[in-house]
Structures are given as C-alpha cells and as structure tokens.
Amino acid sequence: MILLVPISPEVPSSHRPKLWPGLLLIWMLMIVFIATRGIVESDINYLEDIQSLVEEQEITGRPESEVWNLYLKKRPLLKIAPSQADWSIPRFIFANFLHGSLPHLFLNLVGAFAGARICTVFIGFYFTLALFVIGGSLGLATSTLFTSQVSSYIPHLGSSAGVFAMMGTYYIYNFHFRTRYFFWFPTRHGLFSLRTSWFFFIDVILLEIILTAGHFFPGKAGSVDHLAHVAGFASGVSIAYAIRFLQCWPSFLQTKAEFRYWKTQRAETFFAQWIDLLKINRFNDQVKVSLCDWLRANHAQLSDAELEETFSYFTPTFTRLKTREMAALIDCLLSQSRGLPQKWLRRMPYDCIIVMARYLLSPTEKQNILFAFLKSYYEVHALADTGKKVEPLISRLQLLLTLPASAPAETNSSASEDSTLSTNTEDSVPKKATRAS
Amino acid sequence: MRRARSIEEALNRAELDHRIGCPNAELTARLGAFILDLILLFIMVSGIRHITILLVEILEPPILSSYIFYSPTRFLQFLGISAALCVIYFYLIWTSMRFGGSPAKLLMGIRVIDIQSGRWLGGYQLFLRELVVKPLGLLLLIGPLVALFRKDRRSLQDWVVGSAVKRLEEET
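Protein chains in written order, with our numbering: chain B, 1 to 437; chain Z, 1001 to 1172.
The set of hints was computed from the structure by calculation and includes no laboratory data. A hint or two may mislead.
Computed spacing ranges between beta-carbons, pair by pair [unchecked claim]: (1) Z/Phe1127 - B/Glu308: 46 to 56 Å; (2) Z/Arg1098 - B/Gln286: 22 to 32 Å; (3) Z/Phe1127 - B/Val54: 50 to 60 Å; (4) Z/Gln1116 - B/Leu401: 24 to 34 Å; (5) Z/Gly1080 - B/Arg266: 56 to 66 Å; (6) Z/Trp1094 - B/Ala272: 44 to 54 Å; (7) B/Ala297 - Z/Leu1031: 47 to 57 Å; (8) B/Glu391 - Z/Pro1023: 18 to 28 Å; (9) B/Phe175 - Z/Ser1046: 23 to 33 Å; (10) B/Val67 - Z/Leu1031: 48 to 58 Å; (11) Z/Pro1023 - B/Gln286: 29 to 39 Å; (12) Z/Asp1152 - B/Cys332: 42 to 52 Å.
Beta carbons are placed, not taken as given, at the ideal position from N, Cα and C, and that holds for glycine.
The task is simple: from the sequences and hints, build the whole structure.
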C-alpha cells in the first residue's frame, strides 16, 4: 500500500476528499507521539538495561520463562500500551495513537492521512475517527490476545490497525467503483485509476493475509503486526456494512451527494433521475450501464439533443470497460435508423471503435450495422489522421459485404496467434486488459 | 498488404495497423513501469518465500522427514527456485503474451508490440527481451543509453527482438 497510495475515489473534483481530515488526524498522532516520547525512551532504556543484565548472566533462561516475565512486566510502556498478559480497554484505545519510533510513525502517518481523506468522501470526519478508534482497537485486541508470542508482556501499539479499519470501510463504500492511486513517480502526474474491488484488495490486504500466517508460529511473527492489520480491515468492513445497511444506501450510488439526492430530491422520470446522478458524479459507471439498458428500450422518447447529452457521459474509458453494453446500444440505435451523436463519435479513439465493432461481427445480419457504424465514424474523422486509418478498413468492408454470406472465409493461421484478437462467435470475444480497470 | 478475406480479419488487421501507428511510450513511463515491476516482483517473491518457509514448518515433522534423502535446506531451495521461476514466467512472459505487457506496463497504459506485425510478442521474443538482453543491457548500461540517443526511443532489447513500446490508449 505504501507503494501505490490510494488518494481518492474516482469522483469529480468537487467531491474529492479535502485535506483537513487527513491533516487533523496526523496532527493528533504527532501530538501524542511527542507527548509520549519520554515513556517510549524510558522503555527503550529499560530494555537495554535488561539486555546488559543478560550479557552479565544475571538473567538466565529462555525469554519465555518466568524469570524474564518478572522483568518484562515492569516495562514503562505497559502503563499506556496493552500486552497479552496485561491489558485494559482504555489502553487498547490509546495504543492506536502510540508509536515506537520515527519510521513507525512516518509510515503510519502516510496511511492515516490517506485513510482519513478517502473515508470522509462517504462518511463524516467524526464517524471516520470513531471507526479509526473502534476498528483499530479491535484489530490490536485480536492481535494481542490471539497470537503466539515469545513473551506475554510484549506491548502492542501503533495506528496501523486503525488505518486498515479505514481502508476496510472505504473498500465497502467504493467497491463497485474505481480508486485513484498515487505512484511515487512523475509520469501521468503519478496518478492511476483502478477498480477498487480487486486492485484495492491486492494492494492493501492480500499480502497482509499471507504474512499473518507467521503470527501463529512463535518466533516467526517479526515486528510488524500483520494480524492487527487484517483484523482492523475486517472490523472496518463489518462496521461499514452495518452503517450502509442502516442507511439503506443503494449499491449503484457512490458519493454522499448522490445518496442525498436519491433520498431527498429525486426527479420524477427515470431518465431525469439518471441524468441528474451523472451530473453530480460523471464517473459513476453503474448509473451509465443502467442508462444504456434503459436507452435500448426507450431511446425514441428522447430528442437528438437529449441523446447527445446522454452520450456525452459515455467516455472512452467507460466504452473500454463496458463494451458489450455500448455495442448493444449502438446496435439498437442503428438498427432502428437512429443516428449516433456526432460529438461522441468525434471524441471516441479508434481503439474503442474497433473493440465495439467486434461485438457487431455476428450474426451476419449485424454486419451491415457494423459497416454503418464504421462509416459514421469515418465521416466524422474523414479529414483527420484517424480518417486515414479508418479508410482502408471501410474499403475492405465494402468489398467483403458484397460477397455472399456463405462464401468461405480464408483465415490466416497467424491471425489466431495473438490471443487478444477475437474469434467469430460473440460469446468468445476476449476481454482485453485495459489501463483504467 | 495481403488481402483480407473476412471481416474479422479486416478488423484484426485494422487493429494491428492502429497499434503500429500509435505513438511510442515516453521514457518516463517505461522507467516507471520498470521500477514498479521490480517492486511488485519483489513483493510477490517475498510473499512466496514466507509461504514456503511456513509450509516446511508445518509439513516437516509428519511428512517430509520420512524421506531418507530429505534435507530441509535443499527442499526449501528447490521450492523457492521453482516458485520464483513460475512467478517470473507468469509475471513477465505470460502477461506480455496475453495482454501485451507486464502488469506495471498495463498500469502505465503502455504495451510492447512487434514492430513489423503489430502483434504482442511471442514467448521466444519475450524470453530473449526480458530475461537475456534487458538484464545484460542494464548491467552494461547500454540498454538505457541506446533509448536515450535513438530518435524512436527504442532500447537495446527492442532493437534486438524487433519490438517497440507503444502508448495504445488515448483518452479524449
């Protein structure tokens, strides 16, 4: 997660997270770090004293023995942080704000800043803070009480369980949509948009789940509390589910503004509702898919201007991700002699057109639709460079469409080598990996 | 230009021609993809290493120790090397054959194509490119220098196997 940092759900700039929730949370963490620095340093000194006693052989035996525990239970840090044999609920809560060193603090500040920002797109800051504390405490408690440890007086501290709780909450709220990530590299301004459902899971939690296995073997755990991360994430997911259930939040709505509109100001007609939602959040692909399906049955109700406005929301990225739906819509419009909006054709890149064209390959009756589609695209781009690319394809298709449908198609064996090129049947059109997935 | 006999082949040809005509990927995008690939590979290999160590911990007493020639160190090494080779194959070779680039390249929106045909590279080309020429070029620092000084920004491994790294998808 530290390599590709989730900075925002993919939403319009007016809905993007503000800076202040993240800044406020990291300010709180830094204040507590400074205030507890004395106790942490006295704990470090205490451990060094124990180490010197071991070297002088005044303490003998294995670290799991009672002799060691007599010394370890007196660690200064246990006054404010919980351990397996010595814990309390206030200490579990307070441990979310404690850190053992500057590197520990810095890594968690990055996560806390990102987590607070992305959560406050959906829930307010106080809810986010409550989630951070509750989810983090549950994560720390799970790790403290259920892992195999060398000694039962090892304090557990850090805000990472709370950070993962916020990530779990965000995962549920933005599951069907995309997340913008920051990569520490100056290309494309370091930003990518990727689907939350799978990439967020891989980026944030998959490795943690694997590394958690080590916590069940004494001596294999290491200093990073992976189980607390996983438990924190699970707590965040559970709490988010509960909140959404109580709110009756529909799964096709992404932002708070859409949810507010849906609950209080919904328009009367289906079309107006969907367009209003897209005006609030033009990145909502769930709404666009519903709109595509509705248009196939009801496009006759719309004027050309309304159709043009609707198509303005069908971006190249949406077309690459939902090609089947777009192709079905185009098929429906062209079959009923309804022209495609020129502005939309003008902004579509050629690769999107080819991908959609594959869905119009079969049955044979659709091939005239395919030709009409490509011809419309060519007419809009005739004078541009794209037109020069399309022209040979149009010429070939014109020639092929004059042949009888039963004429044998001579296939070159090398045409099937590249596995991203399609076969003739609609069901086997391959899914092409796209950037913004 | 050979004559296309089916509409599907015509579309295939159009797509391949389109790929060849796409602009070359920027050097920063390629460098970013390379760094991200290294990081992702390291994370995967690290995760697999942890799993293999734990597997040996769990399996050793009841099962593995009954084999006469069993040696924990050798078994771990064998598992580790096999897993690493599988990861390298799937990550670098298979994804490029299937989708046109490694996961980091896909994230950056760039693809590696055969410069003559426009197709994704085959297994042999990818093996030569990713596992032979690229590491050698990096070790000797020739690879990046070739890309810096060529007008088309093709690096040494591209020149050897006849490939090019293109930015295929535009957003308007």
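Status of the hints after comparison with the structure:
{"no.": "1", "hint": "Z/Phe1127 - B/Glu308: 46 to 56 Å", "verdict": "holds, 50 Å"}
{"no.": "2", "hint": "Z/Arg1098 - B/Gln286: 22 to 32 Å", "verdict": "holds, 28 Å"}
{"no.": "3", "hint": "Z/Phe1127 - B/Val54: 50 to 60 Å", "verdict": "holds, 53 Å"}
{"no.": "4", "hint": "Z/Gln1116 - B/Leu401: 24 to 34 Å", "verdict": "holds, 29 Å"}
{"no.": "5", "hint": "Z/Gly1080 - B/Arg266: 56 to 66 Å", "verdict": "holds, 58 Å"}
{"no.": "6", "hint": "Z/Trp1094 - B/Ala272: 44 to 54 Å", "verdict": "holds, 48 Å"}
{"no.": "7", "hint": "B/Ala297 - Z/Leu1031: 47 to 57 Å", "verdict": "holds, 49 Å"}
{"no.": "8", "hint": "B/Glu391 - Z/Pro1023: 18 to 28 Å", "verdict": "holds, 20 Å"}
{"no.": "9", "hint": "B/Phe175 - Z/Ser1046: 23 to 33 Å", "verdict": "holds, 27 Å"}
{"no.": "10", "hint": "B/Val67 - Z/Leu1031: 48 to 58 Å", "verdict": "holds, 55 Å"}
{"no.": "11", "hint": "Z/Pro1023 - B/Gln286: 29 to 39 Å", "verdict": "holds, 33 Å"}
{"no.": "12", "hint": "Z/Asp1152 - B/Cys332: 42 to 52 Å", "verdict": "holds, 43 Å"}
In this structure, none of the earlier numbered hints is contradicted; all agree with it.
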